[in-house]
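*Asks:* Sequence:
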Amino acid sequence: MLTLSLLAAALAPVATPADTIPITEWPVPWENTRPRDPDLDAQGRVWFVGQAGNYVAYFVPASGEFRRYELDEGVYPHNVVIDAQGMAWYAGNRAAHIGRLDPATGAIVKYPMPDPEARDPHTLVVASDGNLWFTVQGGNMVGHLNVTTGQVRLVRMTRTNARPYGIVLDRQDRPWFVQFGTNRVGTIDPATFTVREYDLPADRTRPRRLVLTSDGMVWYVDYTRGFLGRLDPRTGAVREWASPSGATSLPYAMAVDDRDRVWYVESGPKPNRFVGFDTQNGAFVSNTPILPSGAGTVRHMVYHAPTRTIWFGTDTNQLGRADVGALP
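Residue numbers (the working numbering): 22 to 349.
Among the hints, erroneous ones may be present.
[As the list claims (entries may be wrong)] Computed list of lysine to any residue pairs in SDA-like fashion (alpha-carbon distance at most 25 Å, straight line): (1) 291 / 262; (2) 131 / 170; (3) 291 / 323; (4) 131 / 172.
[What the hints assert, rightly or not] Estimated spans, in silico, between C-beta atoms of each pair: (5) 269 / 222: 13 to 23 Å; (6) 302 / 193: 20 to 30 Å; (7) 224 / 125: 27 to 37 Å; (8) 215 / 269: 31 to 41 Å; (9) 174 / 299: 11 to 21 Å; (10) 213 / 65: 32 to 42 Å; (11) 93 / 171: 13 to 23 Å.
Since the hints were made in silico from the structure, they are not lab data.
Here the structure is a predicted model, which means the values were calculated and not measured.
Note that the Cβ used here is the ideal one computed from N, Cα and C, for glycine as well.
Please model the entire structure based on the sequences and the hints provided.
*Replies:* This is the structure:
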């Protein structure tokens, strides 16, 4: 089932007074549904899930149109990604499946987890061959879905309660992920499904999201200690920078732009702050409050190269867009 909604005048976009980055927010018309984890399709539509509302939806920035596709009660979708064919894939976080939604018909195909311990598919990414890699936080696994055969393969972490969380792919389609329950970054060989893990130097480090820059460096945010970190996979060397808001900054959502600038959101300050870091110069270059909503918490972000913007959802029921291309 799907529903269609057009934003009324009262829900017009609200442009924030920018620090160095213009940020615009649009209220999502379905209240208290926790819109999150967006992705954009070839038409420029912004797809997202309502984790507390059990839906997949998209937003058309030019018109203000929202369109919603209903999921079963209790699915609690965690994120959505769009493949090259325009199919929307969502993680059924409390229903132990990955779903494929056809936007043209609203039809959904479910791919259940083959192991009952893999109860909570978390974050999905699409590989160049169209297959999916994903984390399973509570189940302590990273998974792979072959979208042609429907086969799901699961790789267990070597530590209990490691809690695989954020995940990205490198240019060789190798998945890289952080373990939010411990101080590790990991990767998996797509050919052998063997896992390699890198210990981060501080025992208290709890990495939550990560990005990769064009030089192959792995950048992560340390949610517990309030740091931005860089791991060199070739040597295992780690360098850290204290986040601008300090030890209570709770850095969370991340993205990287076409100039290898790393962007993340400090979820500790109220309002949340949208922070930019120049990886070439090793310096923070932007620090903007997310207003007027304050954001509550921003959990995941995506960079849209054609418009040089970053999109995110907020716990205050907004979709947000940061115009990072405005920074010289």
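*Asks:* Does each hint hold? Answer for all of them.
*Replies:* Quick rundown of the hints versus the structure:
{"no.": "1", "hint": "291 / 262", "verdict": "holds (21 Å)"}
{"no.": "2", "hint": "131 / 170", "verdict": "holds (13 Å)"}
{"no.": "3", "hint": "291 / 323", "verdict": "holds (22 Å)"}
{"no.": "4", "hint": "131 / 172", "verdict": "holds (12 Å)"}
{"no.": "5", "hint": "269 / 222: 13 to 23 Å", "verdict": "holds (21 Å)"}
{"no.": "6", "hint": "302 / 193: 20 to 30 Å", "verdict": "holds (27 Å)"}
{"no.": "7", "hint": "224 / 125: 27 to 37 Å", "verdict": "violated (50 Å)"}
{"no.": "8", "hint": "215 / 269: 31 to 41 Å", "verdict": "holds (38 Å)"}
{"no.": "9", "hint": "174 / 299: 11 to 21 Å", "verdict": "violated (38 Å)"}
{"no.": "10", "hint": "213 / 65: 32 to 42 Å", "verdict": "holds (38 Å)"}
{"no.": "11", "hint": "93 / 171: 13 to 23 Å", "verdict": "holds (19 Å)"}
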